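Model the full assembly from the supplied sequences, consistent with the hints where possible.
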Amino acid sequence: MGPEFFILADATNSSLWSQVVRFWSFQDRAVQTATAGMLLLAISSGTLGCFIVLRRLSLLGDSLGHAVLPGVCLGFMVHWTKDPLWILLGATGSALLASWMIGFIRRHSRLKPDAIMGLVLSGFFGVGTVLLTRIQNLPVGNQSGLNQFLFGQASAISEQDLWFMGTLSLVIVSCVMLAFKELVLTSFDEGFATAIGLPVRGLHYLLMGLTALAVVISIQAVGVVLVSAMLITPAATALLCTDRMRYMVLIAVACAVLAGLVGLNLSFLGRTLPTGPFVVLALALIFVAAYLFSPRYGIVARAVRRLRQAQKTARENGLKSVFLASPHDAPASGVGLETLTKARREEPGATVRMVRALARRGWVTQEGNHVALTDAGLIRARELDRNYRLWEQFLTDEVQLPADHTQRDAENLEHILEPDLVRELEARFKERHG
Amino acid sequence: MADGIPFIPPFDFHEHVVARWTGIEAHDTFCTVLMGALVAIACGWIGCYLILQGMALLGDAISHTVLLGIVVAFLWTGQVAGWATFIGAAVTGMLTALLVEGLHSTSRVKEDAAIGIVFTSLFALGVVLLGVFAGSAHIDTQHVLYGNLELVALGESVQVAGTTVPIAVCQMAVIAAVLMGLIVAFYKELLVVSFDPQLAVSLGLRTWLIRYGMMAVLSLTVVGAFSSVGAVLVVAMLIAPAATAYLLTRRLPMMFLISAAVGVVSSLIGYHIAYWLSVSAAGAMVSVACTLFGAAFFFAPEQGLVAAALRRLRLRMRMHQENILRHLLKPGATTEGAERLAGALGISRLAARWGVASLQRRGWVAAVAGNGAALELTSRGRNQAERLDRAHRLWETYLVQQVGLASDHVHPAAEQVEHLLSEQLFENVDDVLGHPTIDPHGSPIPRSLIADRGPGTFTLSKLRVGDRARVVGLQDAPQGLVAALTEPDHSATEVVELGLTLGQELTVVERFSEPASWRVSLSSGEFRDISHRLADVVLVQLAP
Numbered sequence: 030m031g032p033e034f035f036i037l038a039d040a041t042n043s044s045l046w047s048q049v050v051r052f053w054s055f056q057d058r059a060v061q062t063a064t065a066g067m068l069l070l071a072i073s074s075g076t077l078g079c080f081i082v083l084r085r086l087s088l089l090g091d092s093l094g095h096a097v098l099p100g101v102c103l104g105f106m107v108h109w110t111k112d113p114l115w116i117l118l119g120a121t122g123s124a125l126l127a128s129w130m131i132g133f134i135r136r137h138s139r140l141k142p143d144a145i146m147g148l149v150l151s152g153f154f155g156v157g158t159v160l161l162t163r164i165q166n167l168p169v170g171n172q173s174g175l176n177q178f179l180f181g182q183a184s185a186i187s188e189q190d191l192w193f194m195g196t197l198s199l200v201i202v203s204c205v206m207l208a209f210k211e212l213v214l215t216s217f218d219e220g221f222a223t224a225i226g227l228p229v230r231g232l233h234y235l236l237m238g239l240t241a242l243a244v245v246i247s248i249q250a251v252g253v254v255l256v257s258a259m260l261i262t263p264a265a266t267a268l269l270c271t272d273r274m275r276y277m278v279l280i281a282v283a284c285a286v287l288a289g290l291v292g293l294n295l296s297f298l299g300r301t302l303p304t305g306p307f308v309v310l311a312l313a314l315i316f317v318a319a320y321l322f323s324p325r326y327g328i329v330a331r332a333v334r335r336l337r338q339a340q341k342t343a344r345e346n347g348l349k350s351v352f353l354a355s356p357h358d359a360p361a362s363g364v365g366l367e368t369l370t371k372a373r374r375e376e377p378g379a380t381v382r383m384v385r386a387l388a389r390r391g392w393v394t395q396e397g398n399h400v401a402l403t404d405a406g407l408i409r410a411r412e413l414d415r416n417y418r419l420w421e422q423f424l425t426d427e428v429q430l431p432a433d434h435t436q437r438d439a440e441n442l443e444h445i446l447e448p449d450l451v452r453e454l455e456a457r458f459k460e461r462h463g
Numbered sequence: 054m055a056d057g058i059p060f061i062p063p064f065d066f067h068e069h070v071v072a073r074w075t076g077i078e079a080h081d082t083f084c085t086v087l088m089g090a091l092v093a094i095a096c097g098w099i100g101c102y103l104i105l106q107g108m109a110l111l112g113d114a115i116s117h118t119v120l121l122g123i124v125v126a127f128l129w130t131g132q133v134a135g136w137a138t139f140i141g142a143a144v145t146g147m148l149t150a151l152l153v154e155g156l157h158s159t160s161r162v163k164e165d166a167a168i169g170i171v172f173t174s175l176f177a178l179g180v181v182l183l184g185v186f187a188g189s190a191h192i193d194t195q196h197v198l199y200g201n202l203e204l205v206a207l208g209e210s211v212q213v214a215g216t217t218v219p220i221a222v223c224q225m226a227v228i229a230a231v232l233m234g235l236i237v238a239f240y241k242e243l244l245v246v247s248f249d250p251q252l253a254v255s256l257g258l259r260t261w262l263i264r265y266g267m268m269a270v271l272s273l274t275v276v277g278a279f280s281s282v283g284a285v286l287v288v289a290m291l292i293a294p295a296a297t298a299y300l301l302t303r304r305l306p307m308m309f310l311i312s313a314a315v316g317v318v319s320s321l322i323g324y325h326i327a328y329w330l331s332v333s334a335a336g337a338m339v340s341v342a343c344t345l346f347g348a349a350f351f352f353a354p355e356q357g358l359v360a361a362a363l364r365r366l367r368l369r370m371r372m373h374q375e376n377i378l379r380h381l382l383k384p385g386a387t388t389e390g391a392e393r394l395a396g397a398l399g400i401s402r403l404a405a406r407w408g409v410a411s412l413q414r415r416g417w418v419a420a421v422a423g424n425g426a427a428l429e430l431t432s433r434g435r436n437q438a439e440r441l442d443r444a445h446r447l448w449e450t451y452l453v454q455q456v457g458l459a460s461d462h463v464h465p466a467a468e469q470v471e472h473l474l475s476e477q478l479f480e481n482v483d484d485v486l487g488h489p490t491i492d493p494h495g496s497p498i499p500r501s502l503i504a505d506r507g508p509g510t511f512t513l514s515k516l517r518v519g520d521r522a523r524v525v526g527l528q529d530a531p532q533g534l535v536a537a538l539t540e541p542d543h544s545a546t547e548v549v550e551l552g553l554t555l556g557q558e559l560t561v562v563e564r565f566s567e568p569a570s571w572r573v574s575l576s577s578g579e580f581r582d583i584s585h586r587l588a589d590v591v592l593v594q595l596a597p
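Top line first, the protein sequences correspond to chains A and B.
Numbered per the working numbering, the first sequence spans residues 30 to 463.
Numbered per the working numbering, the second sequence spans residues 54 to 597.
Treat each hint with caution, since some may be false.
Said to hold, decoys possible - Lysine to aspartate or glutamate pairs mimicking DMTMM-like chemistry, simulated, CA-CA at most 25 Å apart:
# : chain 1 : residue 1 : chain 2 : residue 2
1 : B       : Lys163    : A       : Asp218
2 : A       : Lys141    : B       : Glu154
3 : A       : Lys141    : B       : Glu242
4 : A       : Lys111    : B       : Asp193
5 : A       : Lys371    : A       : Glu440
The set of hints was computed from the structure by calculation and includes no laboratory data.
Predicted model, so just to flag it, every value in this text is computed and none were measured.
Encoded structure:
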């Protein structure tokens with residue numbers, strides 16, 4: 030426990046709100062360092078996480094996180110102090126060894142990849158636990174502070190640590206920016222990338238190496254157990270918000286930064302609680318918000334779209350029924366409400382509501398019990414009818430469905446055929462039937 | 054090393070092993086090792102199914118999220134290891150599976166990311182609740198990860214059959230027994246679901262029920278093991294014994310047995326190592342289990358790395374020997390010995406010397422009398438060499454005739470294939486090709502030495518121009534039952550009509566190809582043309 034703790038420890042007497050304010054004023058040295066560290070890690074994890082998630086390597090991130098523990102302990106044992114350089118080297122070496130081992134076991138046995146990763150993850154962690162508990166049982170290792178690497182303690186980040194974290198982050202971000210196009214291509218279409226001569230395996234190893242570095246940066250702040258959350262959750266959140274790779278990276282970094290700061294604040298509040306779990310909870314909340322409310326892929330937005338589509342379909346079906354019930358040679362002359370109700374086989378009240386909706390749309394006019402199509406309504410009704418017939422013809426001609434099987438499909442599709450497709454179908458129709 | 058205390062203390066067998074099992078501490082030692090063994094056995098058995106069904110990742114997730122269930126149960130009821138804990142765990146386990154399924158089936162997030170998000174979030178929630186509200190639960194965040202096996206023996210105990218047994222051990226024993234019972238009761242269903250899920254669905258098994266049932270049982274096992282090995286190391290106990298067994302056997306019952314054995318051994322050795330080094334017992338157990346896995350990975354008799362390397366080595370040796378044999382067939386190839394062979398075949402001198410020595414041992418090659426270093430084939434060796442030569446040339450013919458490769462492209466492929474396929478297969482190739490006598494380069498193909506029924510009896514199709522033979526019988530034409538009933542085989546009648554009666558002597562005078570046929574002259578001087586189909590049926594013996 031360094032001097033930084035005392036600055037905040039005396040804040041336990043003040044109210045929660047004043048502690049929050051104090052945090053966000055960034056006056057405390059400890060807060061400044063911790064925030065800087067958190068920002069660095071948010072940038073590197075957010076960026077790399079996008080590629081990890083797209084390549085379905087999420088479990089690998091988890092494995093590497095747990096696998097650094099033995100390396101951290103060994104690094105500590107070099108000078109029996111938390112020397113950031115050695116801890117970093119140890120962690121990186123451990124992560125790279127684990128990643129090599131996963132590949133090796135995979136190539137030479139018939140175990141499935143998820144079992145191999147789980148085994149390496151927990152095996153390395155087991156060895157790390159042995160080292161950790163041995164160190165802690167020695168008098169010199171009792172105050173090692175190594176246990177903070179389990180769940181993270183951002184307030185224990187020293188300025189020296191910041192230098193290393195900064196350098197590594199720089200390396201990560203520059204590599205990603207330099208190889209951005211290649212990394213994106215190999216994430217989406219490996220076959221094509223190989224065909225045009227990109228070093229696909231080399232890029233894969235590069236990504237693994239950078240992930241190891243990102244993991245090493247993160248363990249101080251969020252701990253080995255939860256580091257995979259820093260990689261996966263912001264990227265998944267961004268995935269739900271956008272289709273463009275650039276924006277995905279930006280959004281992921283933004284989420285990571287926001288969650289990191291909020292989590293940091295929560296863990297600073299009056300007690301020395303580990304940072305990792307709070308950051309992860311903040312990430313989870315942001316993810317849930319995106320899952321529900323993302324304008325494109327959020328559950329709410331999708332439900333609204335579905336509802337609108339259903340309403341549109343119902344309206345257009347209503348329009349068609351008016352059109353079909355009107356006299357064939359003079360459709361604009363309209364039809365009586367009772368006839369309409371009978372034709373639609375529903376309650377009179379429902380017909381009235383439907384007609385009112387059509388009138389609101391400007392497709393029909395209603396006078397007493399008589400409903401007549403407007404010009405606009407007539408045009409749209411004819412379009413629907415034509416789409417229906419076109420699709421029916423397509424199904425009969427090209428798909429070779431028997432004539433009595435085409436009705437339901439055509440009834441569904443008439444509402445969603447787009448003008449381009451309609452033109453193409455018409456051209457085909459002319460070709461076939463003159 | 055540090056402050057005069059060595060990092061690795063000296064190992065004293067008596068103090069660290071024997072003394073644990075004698076005296077007053079024996080009971081505690083026994084309880085601790087027993088707990089470890091029960092945890093390992095139960096986890097190992099479930100782990101077998103996790104590995105087979107590819108659900109190790111979900112198992113990893115659930116073992117983390119049960120912490121949330123445990124903490125919530127504690128906050129609700131104050132119990133740390135009571136019935137509420139187990140219910141809480143089972144609920145969280147199934148909740149995890151449901152959330153993962155819900156997440157990845159309703160959004161663009163793929164399954165692996167969904168698992169990662171769900172389990173880290175729930176686990177983080179558990180840790181936060183633990184740290185903020187549950188300070189009195191005697192669960193510290195560190196031990197959440199790797200447990201505290203050593204304390205199990207000191208926990209609350211009950212009297213069972215005259216001895217005091219810690220409650221945790223009883224609970225684990227019950228869990229292990231229930232697990233064994235479920236496995237036995239549902240053995241067939243679990244078998245089908247694990248190895249052929251689609252068959253299971255088509256048989257009407259409710260795979261979703263079995264799957265969620267497994268999640269629930271997994272959660273219960275993890276909770277039982279929680280206080281001993283923690284959330285992260287339990288994953289090792291789920292996977293390592295099962296993975297070791299997977300590499301050592303291909304039979305499921307054996308897999309259960311081996312994983313249980315690995316578990317017991319890990320617990321025993323791990324406990325002693327932990328006592329000696331003053332480290333976490335769970336960590337030591339996991340390290341031992343992983344070492345055993347490593348041993349199996351390298352030394353398993355069938356699937357191990359060493360065994361595979363040996364197989365490859367043996368194959369290469371055999372190939373070298375066979376190449377030497379074929380090389381010695383070439384005219385004027387009695388060579389100056391192994392060195393020249395090495396050069397000619399492009400292999401190392403050591404490989405050549407080894408190959409020659411093996412061939413000499415088998416009596417296929419001998420030193421030329423009078424010329425010390427030179428080698429020649431014995432008559433048995435010549436037979437062997439000609440078999441290989443035949444295989445090589447048949448394959449070249451096949452590649453050119455049937456596959457359509459150019460004749461200058463086929464040599465390397467045939468060099469490889471001649472070693473790998475069985476002789477019977479080459480006989481089939483020969484038949485498909487119409488029993489050719491010349492290869493694509495114009496060299497003769499050695500004749501087949503395989504008898505068809507009894508020594509010295511061959512089908513007519515194996516005869517070459519100039520052969521004299523006597524008809525001795527008919528080969529049963531292979532024919533399915535349906536064909537036999539609907540299209541009865543008339544070969545016998547046709548053969549007799551041709552004049553090829555039993556004992557008939559004939560000489561092959563000409564061979565045709567496309568379609569393959571044999572022209573024979575009978576003892577009466579008449580000529581007959583025999584089709585491929587009939588030639589495959591007539592059995593002859595060569596005249597001496």
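Hint check:
Note on Lys163 (chain B) and Asp218 (chain A): the hinted pairing holds, with a Cα-Cα distance of about 17 Å set against a maximum of 25 Å. Distance restraint check for Lys141 (chain A) and Glu154 (chain B): the Cα-Cα separation of roughly 21 Å lies within the 25 Å cut-off, and the hinted pair is therefore satisfied. Taken as a hint, the Lys141 (chain A) and Glu242 (chain B) pair is honoured in the structure, with Cα atoms around 22 Å apart against an allowance of 25 Å. Straight-line distance between C-alpha atoms of Lys111 (chain A) and Asp193 (chain B) comes to about 23 Å, which keeps the hinted pair within the 25 Å bound.
Between Lys371 (chain A) and Glu440 (chain A) the alpha-carbon distance is near 20 Å, which keeps this suggested pair within the 25 Å criterion.
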